[in-house]
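A.B. asks: One letter stands for each residue in the lines below.
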Amino acid sequence: MAKLYVQTVPPPDLNKNTEWFMYPGVWSTYILILFFSWLLVLSVFRCTPGMAWTVVNLFHFAITYYFFHWKKGTPFAEDQGIYNNLTWWEQMDNGKQLTRNRKFLTVVPVVLYLMALHTTDYQHLMLFLNTLAVAILVIAKFPNMHKVRIFGINE
Amino acid sequence: MVRLPYLTALTTLFSYGLLFAFGQLRDFFRKIIDWFKSSSKDLKGYAPICLGLEDFYTRRLYLRIQDCFSRPIASAPDAWIDVVERYSNDNNKTLHRTSNTTRCLNLGSYNYLGFAAADEYCTPHVIDSLKKYSCSTCSVRVDGGTTDLHTELEELVARFVGKPAAITFGMGYVTNSAIIPVLIGKGGLIISDSLNHNSIVNGARGSGAAVRVFQHNNPSHLEEVLREQIAEGQPRTHRPWKKIIVIVEGIYSMEGELCQLPEIIAVCKKYKVYTYLDEAHSIGAVGKTGRGVCELLGVDPADVDIMMGTFTKSFGSCGGYIAASKEIVQYLKYTCPAYLYATSMSPPAVQQVISAIKVILGEDGSNRGAQKLARIRENSNFFRSELQKMGFEVLGDSDSPVMPIMLYNPAKIPAFSRECLRQNVAVVTVAFPATPLLLARARICISAAHSREDLIKGLEVISKVGDLAGIKYFPVEPPKHETQGHKKLE
Chain A
925 MAKLYVQTVP PPDLNKNTEW FMYPGVWSTY ILILFFSWLL VLSVFRCTPG
975 MAWTVVNLFH FAITYYFFHW KKGTPFAEDQ GIYNNLTWWE QMDNGKQLTR
1025 NRKFLTVVPV VLYLMALHTT DYQHLMLFLN TLAVAILVIA KFPNMHKVRI
1075 FGINE
Chain B
3 MVRLPYLTAL TTLFSYGLLF AFGQLRDFFR KIIDWFKSSS KDLKGYAPIC
53 LGLEDFYTRR LYLRIQDCFS RPIASAPDAW IDVVERYSND NNKTLHRTSN
103 TTRCLNLGSY NYLGFAAADE YCTPHVIDSL KKYSCSTCSV RVDGGTTDLH
153 TELEELVARF VGKPAAITFG MGYVTNSAII PVLIGKGGLI ISDSLNHNSI
203 VNGARGSGAA VRVFQHNNPS HLEEVLREQI AEGQPRTHRP WKKIIVIVEG
253 IYSMEGELCQ LPEIIAVCKK YKVYTYLDEA HSIGAVGKTG RGVCELLGVD
303 PADVDIMMGT FTKSFGSCGG YIAASKEIVQ YLKYTCPAYL YATSMSPPAV
353 QQVISAIKVI LGEDGSNRGA QKLARIRENS NFFRSELQKM GFEVLGDSDS
403 PVMPIMLYNP AKIPAFSREC LRQNVAVVTV AFPATPLLLA RARICISAAH
453 SREDLIKGLE VISKVGDLAG IKYFPVEPPK HETQGHKKLE
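If you read the protein sequences in the order shown, they are chains A and B.
Residues are numbered in my numbering as their position in the first sequence, beginning at 1, plus a constant of 924.
Residues are numbered in my numbering as their position in the second sequence, beginning at 1, plus a constant of 2.
Bound-form chain A, shown alone (with noise of 0.2 Å):
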């Protein structure tokens, strides 16, 4: 098949442990991913497509959480942990709000739960499972929420 180039340019963030979301492919790379754990959970556990697709929006929210809004700081030593107390999340795009990442990554938990509940016919368990799970995720990454740590927890 016929290369297709993407020029890039190093963007100018300093920290390392969120520039590399800058680069082109990373939007693609998430989709990809999403889907081809659809395919996998369909031939491993032989269930509906419904129940795959409720399946893999609760792991992309456990994942999500853990990774985007739970860990903090960075796994290297390099920038002698100015990081610390920040997830994630809001450590992306230097703690700038609204921009085309995290409008992207708002989005996405929202379209898996259409698919999930459009798939599953509305049952009400898989009903209130993916509103529960997307709920926080949606929640959590308002600009509002930015470095907001509810009743102390992880602080």
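Calculated from the structure, these hints are not laboratory results.
Don't take every hint at face value.
As the list claims (entries may be wrong) - For lysine-lysine, the following DSBU-like pairs were computed, each having C-alpha atoms within a straight-line distance of at most 35 Å: (1) 33(B) <-> 940(A); (2) 46(B) <-> 1071(A); (3) 244(B) <-> 1020(A); (4) 245(B) <-> 1020(A); (5) 335(B) <-> 244(B); (6) 245(B) <-> 272(B); (7) 95(B) <-> 996(A); (8) 244(B) <-> 1071(A); (9) 1065(A) <-> 1027(A); (10) 274(B) <-> 1020(A).
Since chain A is already given, all that's left is putting chain B on it; use the hints.
C.D. replies: Quick look at chain B alone, frame taken from chain A:
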């Protein structure tokens, strides 16, 4: 500016995601196993030395390919070098040295002009100075560590670079990280290129001044940042900044690119900000007489306020210098901690630099300096054009002796490094966090000591390894003798 195939970007992100996932899984199991094993009694109640997440990258990613870094060498870093062989019994967690060495082509040392090994003019002078002054002055500059060699070196460096005065220090990294806090403090603003070296970042953080970053080598973005910052002033009080310094490098060691110096100087003059040029890789290696990027790009040295450089790269010694006006150098002599508290440069090292500069300037009576400069330019241009013809993605401008070959995928880093070592070529591969996450590369440094045969052997090996590792991202240019062969058949 890098161009990469879209599929490579996707696979690189996916590979890093996979490595990250496996690392987290291993950490998780490690936590469970450690919870069962009782912790030793005498450390109970003490805080852990490092938080588990801080060294995640080192433990789970770097240690897996540890044998590609920190390779011990057993000879002078000339065009050919002896690399000590190592083996590991526990999958690279610990490495053991053997007493065997392999003779490899050295494409990794900063030996731009070939002064790293014994030289016919420099080495006798160095041995004489070693006998006369011995290895160390055992003192700081301000107490008893200034020999006449040091004063001669400072005058020579100032004359070579084209500034009124210079001051030298024992270590290149320390030159940046100890000088910047002295030049600027709280209430000042440092604007540095986004890809500046760690020593500059360290110095800027240690100074207490506000730090802003502009897009790499982009004078128009620099102007934008300058206008915004001058208009806003200091962060909360909005008072005008006490001082603004712009820090750029001559050749960026990870990109091999030259700085766009004339445009940046023009912008700085317009807004009346000071400039600081770090010529670690470019002094002695570029320019018609080896005087660095100022000569190459036609910038008057008087336009750059402070010029910094190191003696490790082109002069085969160790240490760094700052060249500036007489007043600044005089000020540094009584404020800089590296002058007041750090031991002075070792006298044989000083003599090595003096002899090397004399060779470059032609003052030793021969034209070896001019020959070396011409040879490094030829070698760099030849090597770069051949690599590009083979289809590799090579960064850097022509005439620059540093050429990074892009690898991108994390698995190709150890593949390239180990396979090249097996074929007796020693290369340096660089990954995160010295470079951005996706842009891992193998950095080749060409030297004037490499002969044409050495370079051709290096090219053959790199081409073979490149085919095996799949890093020829660009289409290969057809070799010329194919068309001639065609004609012969007809």
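A.B. asks: Next step is simple, just say for each hint if it's right about the structure.
C.D. replies: Status of each hint after checking the structure:
no.	hint	verdict
1	33(B) <-> 940(A)	26 Å, holds
2	46(B) <-> 1071(A)	32 Å, holds
3	244(B) <-> 1020(A)	27 Å, holds
4	245(B) <-> 1020(A)	27 Å, holds
5	335(B) <-> 244(B)	22 Å, holds
6	245(B) <-> 272(B)	15 Å, holds
7	95(B) <-> 996(A)	27 Å, holds
8	244(B) <-> 1071(A)	32 Å, holds
9	1065(A) <-> 1027(A)	9 Å, holds
10	274(B) <-> 1020(A)	30 Å, holds
Of the numbered hints given earlier, the model fails none.
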